[in-house]
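Novice: Spelled out, the chains give:
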Amino acid sequence: MSVSRREFLGSACAALVGLSIKGDRPIAGSFINESFQQGHRIRDRASFAAPKHIVKTPVVIVGGGIAGLSAAWRFEKKGFSDFLLLEMNDQAGGNSRWGENEITAYPWAAHYVPVPGPKAVLVRELFEDLRVLSNGEWEERYLCFAPQERLFLYGRWQEGIEPAIGLNEKDRDQFRRLEELIHRFRATGNFTVPMEIGFSESNADLDRISFSDWLRAQGMDSRVLNWYMNYCCRDDYGATTDHTSAWAGIQYFASREPEEKGPLTWPEGNGWIVRRLLERVGGFCRTGQMVHRISQQGRTIRVFAGDTEYQAEFVVFAAPTFLAPYLIEGMGGLRDFEYSPWLTANLTLERLPAAYGGDPTWDSVVLESPTLGYVDATHQSLRTHVDRTVWTFYWALAEGSASDNRQLLLNNDWNYWKEAILRDLGRVHADIRSCVSRIDIMRMGHAMARPKVGAVFSAERRRLKESHGRVLFANSDLSGFSIFEEAQYRGVTAAETVLKSLGGDSPKVRNR
Amino acid sequence: MGILLFITVLLIAACGLIYELIAGTLASYLLGDSVLQFSTIIGCYLFAMGIGSALSRFLDRGLAYRFVWIELLLGVVGGFSSALLFLAFAYTQGFQLLMYALVIVIGLLVGLEIPLLMRIVRGRYHFRDVVAHVLTFDYLGALGASLLFPILLVPYFGLVRSAMLFGIINVAVALWGTFLFANQIAKASTLRVVCLVVLVGLGVGLAEAKHITMAAEDNIYADEIILARDTRYQHIVLTRFKDDIRLFLNSHLQFSSRDEYRYHEALVHPGLSAIPAPRRVLVLGGGDGLAVREILKYPQVETVTLVDLDPEMTRLFSSYPMLTALNQKSFSSPKVHIVNADAFPWVDANRESFDFIAIDFPDPTNYSLGKLYTTTFYKAAARHLSAQGLMVVQSTSPMFARDSYWCIAETIKQAGLRIFPYHVYVPSFGEWGFVIAGYRDYQQPTSLPSGLRFMDVTGLSALFQFPPDMAPLPMPPNRLNDQLLVRLYDRDWKDISH
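So the protein sequences, as listed, match chains W and E.
So in the working numbering, spot 459 of the first sequence is number 459, and the numbers just go up one at a time.
So in the working numbering, spot 50 of the second sequence is number 50, and the numbers just go up one at a time.
In isolation and in its complexed conformation, chain W is listed as follows (with noise of 0.2 angstroms):
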């Protein structure tokens, strides 16, 4: 080791007048969000008091993500106010949620919605609402802001997360076989946004393999393709392509078309707009009251939540899937949900470090790493100077079982989640821990349904989301998956059909 004579004199400098050079700035911040603790209880059946209040209400939606705010959209635009909707959270937008500080808005989970084609004829209403579409454009600053998205690998950053340097001419061949399959795919038709309007039997088959088994038998054994399937699988579904069924691994793909020039992102990302859902529905929310027990009694349905008995003709049940059996009564178990646990932090940064590497980026990716990398919070400020920033980092713990991954969440304590956190940013920015000063973390046990081998054409799946009894099913995972534009599709069906059942027995709906 070699002592410069300018860091000698500042050193020595330095002792003379009692300074060390200062180290890392200490780092604080929490678990934050948690709620496996209350669903915990109703896990074990817990027993829960008698309601002191009773109120009746022809609707109750039940959870207050973006399947339940779409309902309560849907009900709201067609002039029906005769519902209520129960939130266990104290904060609705599920995972959509948001967190803010002094320097920025952030999101908590899902931060983007690409932009909805042709066939999402509901997500563009909506963002017609939202007047995020306006006389058939998209409004520019709700659109990601160049530049988008690179990938860190050999060492340097790149553009775009799909890998393109230093590939040879096998991994060029494959990207370039594998694009003409999705292609082929996607002119089926039958690969859609939302995943029911295309959707066809025919496909059955790809649905009883898994992705990787699928990828191996098409002969892709490029480890940079592999490695970008598994990245995008991950980042979607939670899962592994070994944990992903070949159809949902092909929908990623096949689903959207190539040429988009989005995605629609905001600072709190899907928490914009949730925001925005809840100027118009907030009225209806009912927060921090988790919904313990739901039984029907003829054409009243009991839903106990708190210290109160909802007594409702129509239950839309926006909620978790898996949390049904524990709630309603007389339900059989299930056994083709399964959810992938997940964990984002929110990460203040006093500066960038040093070794960024070019203009700040919205989503920065490493090769190989078992995160999902960063999101840039300020990126989509309209400002050119950001000194402080938050990131969002994203970790979906798909290695292994899911349950094991639960346990290793429950089990750490929060300082081993920000070392490995640091660890593994300090891959890529050797200086992280003087650039941040708070991480927060949220942990997620279901965070979002996994597509496996089965899951998206199970008979399971498919009796829940035809049964048009009086409690409807409306969470993204009736789609297998979970994305926005699924939980918003499936809210408003159920809505429509509440709507529907209503119009005919009681003449609750005004025309407007």
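Each hint should be verified, as a subset may be incorrect.
As the list claims (entries may be wrong) - BS3-like, lysine-lysine: derived pairs with alpha carbons at most 30 angstroms apart: (1) W/261 / E/494; (2) E/413 / E/379; (3) E/329 / E/297; (4) W/465 / W/56; (5) W/261 / E/329; (6) W/77 / W/465; (7) W/465 / W/418; (8) E/242 / E/297; (9) W/261 / E/379.
Treat the hints as calculated values from the structure; they're not laboratory data.
Once you've looked at the hints, dock chain E against the given chain W.
Specialist: Using the frame of chain W, we list chain E on its own:
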């Protein structure tokens, strides 16, 4: 011993003069007006010398001991004077005060040293020989210093290191004095230790002079750096070569005082003169106050709002005499309101209406600056235009960055405005382009304010003609989500440099 003694005289004379020359040169560089600076500094210095000489009569014991101390002090004060003055200019408001204080202290000490020396050696020589020899070598030293300074020291050592070097000579003389007058000094060894410590200090100063003055930038900027400042937002550098002052922001040239009038007259007058009764004006960027200087030539204008990100920039151009001389104290006008804010959010949130908007941002060299050249930005800016109002946009060079220029023009058009592109020749930039835009048709003005150096009515229409090598190119607009312009700009300028 005789000759060595008189060489000492020669050296200390040279040191004194060098400090004075350094102060004069530094003040001329930093404040401009070299005649004033040199005159006042020489005056103060000579006057302080006189006081020093007068005071010498009050010293009657331990003359050699005192002489050594005076040399030591001179070495320290003179040696660090240049570095101190640079730092004072960069970080404080008290540059001039400190400079005159230093000149007076140095003058006092130099005034003391010759009378003392003469009295120390008077026992050894006849009085008339002492006077003759001491003064001869004194003046010889002055000649040497005055030749060395411009030929060798300034070009090869720079001001900071020259001062350090002569500080070292002063202290060396002190050290030498402890041997020369050893029989007249009681505690010579203590003095020698002090001398050595000071020598080490000056030696370190000499070696580290680059870091003190940020002189490393001499490599980047051709001319003498007179100010370099890292603000929260950017790196501001002012250089000066003779009477040409140049401003660089993050290493990009913003103006040269020799021809900036061409740029700023062309930015303001074709648009502003075409508005019948302009009352309210908005300037975005332009923290140098030069565009505002041109705008204030219209007495009808009642308010000028200037939005610039960097408070340090507007402060410099409000308070430094050399810079306010350039913008004719435009920021002191009661009509001018300075807002230090990020322009895009300000334009987006504000609802005021303006008759003329001058948009003068740095070129789109990165994605952050590129946001200020997008359809969304121009739409937001256009909401501030009154019905008869016009907007002008600095749009980089249609010659060197032709794709970029026409991309900016197309972007403004896609924001729903009619565009009227024009260009002008600015020697330090080359052919430079602007775009006038508004909701209405643009008619070239039939009169311009008097006293312009470049623009005249007859030359106006030529500005709107584009010869074939700058002619319009079909370009897509620049949008936030693709920022095509940043890529085009990068490519355009790379093509030129290869």
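Novice: The structure should be examined with respect to each hint, and the outcome stated for every one.
Specialist: Hints, one by one, checked against the model:
no.	hint	result
1	W/261 / E/494	holds, 27 angstroms
2	E/413 / E/379	holds, 10 angstroms
3	E/329 / E/297	holds, 13 angstroms
4	W/465 / W/56	holds, 26 angstroms
5	W/261 / E/329	violated, 47 angstroms
6	W/77 / W/465	holds, 23 angstroms
7	W/465 / W/418	violated, 40 angstroms
8	E/242 / E/297	holds, 28 angstroms
9	W/261 / E/379	holds, 20 angstroms
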